[in-house]
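Q: Chains A and B are the protein sequences, given in the same order.
Here our numbering is used: the first residue of the first sequence is 22, the next is one more, and so on.
Here our numbering is used: the first residue of the second sequence is 107, the next is one more, and so on.
Since the hints were derived computationally from the structure, they do not count as laboratory data.
We put the beta carbon where it would ideally sit given N, CA and C, even for glycine.
Each hint should be verified, as a subset may be incorrect.
[Claimed, not checked] Footprint (simulated), chain B over chain A, 3 or more residues, beta carbon under 8 angstroms:
{"#": "1", "segment": "70-76"}
{"#": "2", "segment": "106-113"}
[Claimed, not checked] Here are the simulated distance ranges between beta carbons:
{"#": "3", "chain 1": "A", "residue 1": "99", "chain 2": "B", "residue 2": "232", "range": "52 to 62 angstroms"}
{"#": "4", "chain 1": "B", "residue 1": "174", "chain 2": "A", "residue 2": "51", "range": "36 to 46 angstroms"}
{"#": "5", "chain 1": "A", "residue 1": "50", "chain 2": "B", "residue 2": "188", "range": "20 to 30 angstroms"}
[To be verified] Here are some, though not all, of the chain A residues that point toward chain B, as calculated from beta-carbon distances under 8 angstroms:
{"#": "6", "residue": "33"}
{"#": "7", "residue": "61"}
{"#": "8", "residue": "89"}
{"#": "9", "residue": "122"}
The lines below spell out each chain.
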Amino acid sequence: MLLRHDGFRRLCEARERLQQLDDPAPTIEELALELGVSPFHFIRQFETVFGVTPHQYRIQARLDRAKALLAAGDLSVTDVCMEVGFSSLGSFSTLFTRRFGEPPSAFRRRVDAADLTPGCLSLMGGVPGRSFREA
Amino acid sequence: MRIKLTSVMVDDQEKGLRFYTEVLGFRKKHDIPVGEYRWITVTSPEEPDVELALEPNANPAAKTFQQAMFAQGIPLAAFEVGDLAAEFSRLSGAGVAFTKPPTPAGPVSLAVFADTCGNLIQLYQRM
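Could you put together the complete structure from these sequences and hints?
A: In structure tokens:
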């Protein structure tokens, strides 16, 4: 597939939008219409370029944000769940576990207990502020 | 001093490993668990001495950088190929999205594709 300039710009814009945790979030169909492409075309192109569907991308963005919030340590698991736009704690916990290999509550406990030191991989772990402060 | 290792950031290491091996055709060299991430490197069968690490971009700063470079159309790595037209057609056939088809640029010919992990990658052939 050869992406022309405007098609490429559209996909980058869509990716930005999918990372915003606005409430209520636009559906994938609404997003496609805003960008002026058919939902089918949009989903197919997005997946070819970013390796996941727009829906999967948005879920991942929310889970990544949730992880950073949990690591920051100021909000409860339930608050984090609501903050990133999940309405059910059950599905949040299931999706979080699938992406990161442990439930949000276990991740929170582990981060609380960890003696984080700056270094390539701990920094790459996305715990803003905290790894420096505790080092 | 030698350059034996370089890296690209990927937004998902498993997805990255699949793309760089199954689609591009590199071979997995190392895959070692490190905490919640993995130390993954791949090599080219044509140059097995040089490793490319697929690093997680979970750091928000890395993510911001990667996304900005992508949106500006700037490739974050470049691989040399012997026959750019052949690679372009092979990868296009495998479903890879190109943002630049093979294009002459002085001493080289260039093409750019998306690696499905958040990067644009340049291919070049010396003319």
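Q: For every hint, state whether the structure bears it out.
A: Here is what the structure says about each hint:
Counting residues of the segment 70-76 of chain A whose beta carbon lies closer than 8 angstroms to any beta carbon of chain B gives 4, which meets the minimum of three for the stated coverage. Three residues within the 8 angstroms Cβ limit are the bar, and the segment 106-113 of chain A against chain B gives 0, so the coverage statement is violated. Checking the proposed 52 to 62 angstroms range against residue 99 of chain A and residue 232 of chain B shows it holds: the Cβ atoms sit about 58 angstroms from each other. Restraint check, residue 174 of chain B to residue 51 of chain A: a C-beta distance of roughly 26 angstroms breaks the suggested window 36 to 46 angstroms.
The given range of 20 to 30 angstroms is broken by residue 50 of chain A and residue 188 of chain B, whose C-beta atoms sit roughly 44 angstroms from each other. With its C-beta approaching chain B no nearer than about 4 angstroms, residue 33 of chain A sits inside the 8 angstroms limit, and its interface hint holds. Taken as an interface hint, residue 61 of chain A does not check out: its beta carbon lies about 16 angstroms from the nearest beta carbon of chain B, beyond 8 angstroms. Hint on residue 89 of chain A holds. Least Cβ distance to chain B is approximately 7 angstroms, under the 8 angstroms limit.
For residue 122 of chain A, the interface hint holds, since its Cβ comes within 8 angstroms of a Cβ in chain B; the closest pair sits about 7 angstroms apart.
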